[in-house]
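A.B. asks: Chain by chain, the residues run as shown.
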Amino acid sequence: MAYPHAHPREARVLSKHFGEKDAIPIDGWIERGGYKALDKALAASPDDITQIVKDSGLRGRGGAGFPTGLKWSFMPKDGGKPNYLACNADESEPGTFKDREIMRWTPHQLIEGCIISSYAIRAKHAYIYIRGEFVDVVRILNQAVVEAYERGYLGKNIKGSGYDLDLTVHLGAGAYIAGEETGLLNSLEGRRAEPRIKPPFPAQRGAFGMPTTVNNVETLAAVPHIVLNGADWYRQWGTSKSPGTKLFSCCGHLQRPGNYEVPLDFNLRDLVFDLCGGPPKGRQLLALIPGGSSVPIMTADEIDCDVSYEGIEAAGSMLGSGGLIAMDDSTCMVRAVRRMVEFYAHESCGQCTNCREGTSWLAKILRRIERGQGREEDLPLLLDIGANMAGKTICPLSDSAAVPVVSAIQKFGREFEAHIQDGRCTAVN
Amino acid sequence: MIKPQKSTRIVTLTIDGREVSVPGGTTIWEAAKSAGIEIPVLCHDPRLRPVGVCRMCVVDVGERVLAASCVRQASEGMKVRTSSDKIHTCRKTLTELLLSDYPAESRREGATGDDMLLALARDYGIDRSDIAIPAGDGRTQDMTSPVIAVDHAACILCDRCIRACDEIQHNDVIGRTGKGYGTRIAFDLNAPMGNSTCVSCGECAAVCPTGALTNKTLTVQIRPREQLKKIDSLCPYCGVGCAITFHIDPDTNTVVFAEGRHSPGSESRLCVKGRYGFDYAKHPQRLTTPLIRREEFYPKGPLSFAVKGERRGKPGGLVDYGEVMPAFREATWEEALDLVASRLKGIKQRSGPSALAGFGSAKCSNEEAYLFQKLVRAVFGTNNVDHCTRLCHASSVAALLETIGSGAVTNVFSDVHNADVAVVTGSNTTANHPVAATFIKDAAASGTTLIVIDSRETGIARHAHHFLRIEPGSDVALYNAMMHVLIGEDLVNHDYIRDFTEGFEALRELVKKYPPELAEGICGVPAATIREVARVFGRANAAIIFWGMGISQHTTGTDNARCLISLALLTGNIGRAGTGLHPLRGQNNVQGASDAGLIPMVYPDYQKVGEPATQKKFEEAWGVPLDPNPGLTVVEIINGALKGTIKGMYMMGENPFLSDPNSNKVRKALANLDFLCVQDIFLTETAEFADVVLPATSFFEKDGTYTNSDRRVQVGRTALQPPGQARLDWQLVCEIATRMGYEMKYAGAEEIFEEFTSLAPSYAGLDYHNLSPTGKLWPCPDPASSDGKQLLFGDGFPTPSRRGKFVPVEYQPAAELPDDEYPFVLNTGRLLEHWHTGTMTRRSKALDAIEPEAVCELNPDDLEAMALKSGDYVNLSTRRGTITLKVRASRGVAPGNVFVPFHFREASANILTNDALDPFGKIPEYKYCAVKVAPAQPPA
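Sequence order for the protein chains is A and B.
In terms of my numbering, the first sequence opens at residue 1 and continues consecutively.
In terms of my numbering, the second sequence opens at residue 1001 and continues consecutively.
Watch out, some of these pointers could steer you wrong.
As the list claims (entries may be wrong) - Straight line, CA to CA, 16 Å or less: simulated EDC-like cross-link-like pairs of lysine to aspartate or glutamate:
1. Lys-124/A to Asp-55/A
2. Lys-1092/B to Asp-384/A
3. Lys-1179/B to Asp-384/A
4. Lys-1617/B to Glu-1636/B
5. Lys-1345/B to Asp-1605/B
6. Lys-241/A to Asp-265/A
7. Lys-364/A to Asp-1137/B
8. Lys-198/A to Glu-1063/B
In short, the hints are calculated from the structure, not lab data.
Could you put the whole structure together from the sequences, leaning on the hints where they help?
C.D. replies: Right, here's the structure in full:
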């Protein structure tokens, strides 16, 4: 069964078994080749595994795109302190719903990834920090963890290798900022999910003050495939800077929304119009957010690029988490941006002045523009506040809130001006 | 507070084109400051761990993101720009963002006058009317605390208050709640401040840079520092002796507000009493003229209902002057002083010097204490002089003098930081020595293993790694068992025992009889726990022992202290960093008053009465023959008054009616005196029995030196003019001496201090000049260059053998055990907000507002069994009397126990207490007697 839509142009590696109920229990997963990569990994040295992942060019799928193998190599090899792996399963970026599906359909894919990655970074304890709202997924994941312990994939002396690993599934309590890696670590420790100042980076001082690697679900789920099949196999897809495949969570004004896994050199326009079927009949694509609401908004004519990290960046946005949001010509951009900003204003942890106060200012100004009570000086004011929110705070939430505003004004300025000058919206009803 | 480790590595960086070299670990902000470059900042305070949240101090270090300079450490070769257009715009925008919700009037501008946000707004030339955003309406005020105003609209979420609460005071009350615009500082789980567990230490308001947390007006309208006069002085309350700056309005002669002042002993910290309890000095009930008892009020007796022991009239804290003042008439100083002198002289002539006695006070200065004992010894001609030290640490001092030859602490409390293990026993430190407790809590949070031993689970127990709840009065059994384990498992310091102690064999033989299993049956602590804690203590490289009244106020008080001293001697924990014996002294000057000789058996500096050479020394100094016999102690003097052997008394600042045990007996004793002169600032319960009342000066109205628990001698300065005709205490002592035929004349407190130090070798070299601004620890052989000796006895003890002596003691039960009729155990003590007999604190607006009425505490299970709940009234009765007061449920009190604070005149704990004495220290057993609890009706 394809899930929820499938398309022959996809390259389904991680999502191959989405929709297959039998892939969820451990036996079904093993039948499908599961835990073979783990056997291979445990026969190799941790540094060999790190090297394979480095060679594969796998980049972090949470949004920042940092090279995974490089991140692992920052972990101390004999620091005298315990190392930890923290899997970021807090997936809370608006428009993103890929990790949820990985865990729902292939929990053992993630667990196997966690075990191999923990082995590579010499961690004896891994945490999956999962968004608390994913109630059904948590149930599935917990069951899978129990199975993995029962089969000796977790616990003491895994498969006779002498390697021990415990895995804990830890539920978040509903804050967007808990998805920021250091906010996640604070939350894991039982504190408010307030991002920490870097440096020190988590590899130096992470969970409970110990060296920690934080990786996204999709990143970790890719690891078993890379370890089993090799770096070159993984590089058959994508570009040299962005190898492999990537899940895109496509939503908004699309005929066939859903998760699509494509090679990273896939054309973005094809993803939107071919795989997702484009906007509903009779509608024009107005704008596209390719990587979750924290990335710059693209206009419809900017999207003829490949979906690699560098491809989307060259086109003026970012790959981010792969949360693709399509907006057709019925969209009021002022309203859309205002709603995004209100999300950030609500989710700012409140630590940094720029973010706490800035997001609330942006929201207030956008609200009055939307109501037709905007002022001439509001657009420069928005840009000014945006400029002083970006690149000056502890974590990038402040930047994320400013980005859609600044890019929307730059690219859809006329819609804002129409609201301010004429008190009307240009959206097509 | 987390102290960042500074390395010896030097890094060189460039700040605004200038090369700066700093130790590794220095932040950019600190490095810039050292180079004279000020970077604006709101959230950072050098006393606090940097957090980098206000973002005002961001600088360009050549990265994508501007770095917060208060957090980012300087690194080799780093190039920093602290200002640029981009940075300037950022800071200006931040200021504007913060100002949009800012109240039109900042409470801080009206209070201390140092609003840092408005100062930045002025620097950046921001006109608040130009701000492009209307203020939000979600940020409210919280006025529920009696002392601190919370204005969330002025809060910039800089986190200073949170860190001050968590990391300076370790009270952990303030945190953040909410997200985004709704983020707020919050008390506990977002309770109103006044209903939270906040202890009103005010550290948050002291560090707040804006109008968010400000002190409320307590006396005259609070206003900026520059409009007020600054007096650097001390806190008048406890033995911690915190340094304070009082801000005075000279026009109204009023303290407007108080601030912590830097001193090694208190590091600018204060507690609720020090910061907010200063207004009693201006209370309308201050005595302003001398008073003489009217003839129709003889024979003498109590005047107010509370002192009569009757339960009628309105419940409440303060004496009704309408009830007591008619018994007195105003007099001139001449008449009053002549009367005092002639009556005392008459008694001396008729009944001999030993029919006279004097109670000095540990609230008075060293100078006053010295002169008072001189008056009693040289003029009255007796050694019947004592003070409240008898009631607090007399037993500790007796044990210390006996074993190590010195009654003072061997180390300062802040050195707990260097201890691997700290033992706090019989001390409700967070309530009674709150600022000392901050050092202990801080140490416990940063690596020191804290062992708390108490019959009550008090605030400090919450910070303990090991809390041992012992049965009241079972201390000796526990400590003997610990020593049994230490010796049995060879966790003792043999070298130390060989080189510095004597009497080890006898101790070893005695503690053999106390295996932990035996002690478990007596003290209720499981044998395994006793073993574990003994091992933790024994294995520590450095261990320090703090104790309080829970040790000393027992008939076995001296034995209890002997055990603690033996523990330290056994393990060699004296005389090194992080080690020591520290009986936490109660009053602000109990150490000094004892040093000055307000003790019947010793002259100043513990020079023994009865030793001919010493007697000769003082006879020569004072020019009169002295009584070779040691005098009577506090309770013995009261007993003497009851028997009629003590006929005349002079009391300077003591209130024995409330502070001494068995008030019903004290009442009879005081009424039985032929003549009583009370010198005080209010008409106390004791003064109701006076023939003459002399209006004296409060702490704020005089110069004097005070010696804290650490042995730190500090100068208290005149901040206020005395009210009415009230006169300096030392002048009154001089007047009485002179009128009794012994001329006493001094130019001022300084001259008295000079005479005292000339006779007290421990104080040699100290004078008012070298004691400023933060005092010195005695002894201080080189006051010009040294803070004084922090660690004592690293090389032996001031005993004849130069050795510390083990005094083994057997366990003995308390004097009065519970039985069927009186089934509960009564324990007395203090509350954080009140001081002793409440004379000062119940006349302080803030302190009285927090704890306005008498309460006792019982375990909720006991209350449930008696169908009682918090707020109900109970009768507490012992064989000596009954009091009626409200009950409060507390899990800190073990089942079967009752805790009664002794501050409350309307339900005086000492009506209940047992005046049985410790045979050595002569201290009464305040901490243990049998009591019954019965439901009572609320007062009509």
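A.B. asks: All hints are to be evaluated individually against the structure, with a verdict given for each.
C.D. replies: Hints, one by one, checked against the model:
Of the pairs offered as hints, the one joining Lys-124/A and Asp-55/A is violated, with about 25 Å between alpha carbons and a cut-off of 16 Å exceeded. Between Lys-1092/B and Asp-384/A the CA atoms are separated by roughly 11 Å; this keeps the pair inside 16 Å, and the hint holds. Between the alpha carbons of Lys-1179/B and Asp-384/A the distance comes to roughly 24 Å, so the proposed pair goes past 16 Å and is violated. Pair hint Lys-1617/B plus Glu-1636/B does not hold up; C-alpha atoms about 28 Å apart against a cutoff of 16 Å.
Our distance criterion of 16 Å between C-alpha atoms is broken by Lys-1345/B and Asp-1605/B, whose separation comes to about 28 Å. For the suggested pair Lys-241/A and Asp-265/A, the alpha carbons sit about 10 Å apart, so the restraint of at most 16 Å is met. Distance check on the hinted pair: Lys-364/A and Asp-1137/B sit about 12 Å apart at the alpha-carbon level, within 16 Å; holds. This hinted pair checks out: Lys-198/A and Glu-1063/B have alpha carbons roughly 13 Å apart, not beyond 16 Å.
Checked against the numbered hints given earlier, this structure breaks hints 1, 3, 4 and 5; the rest are met.
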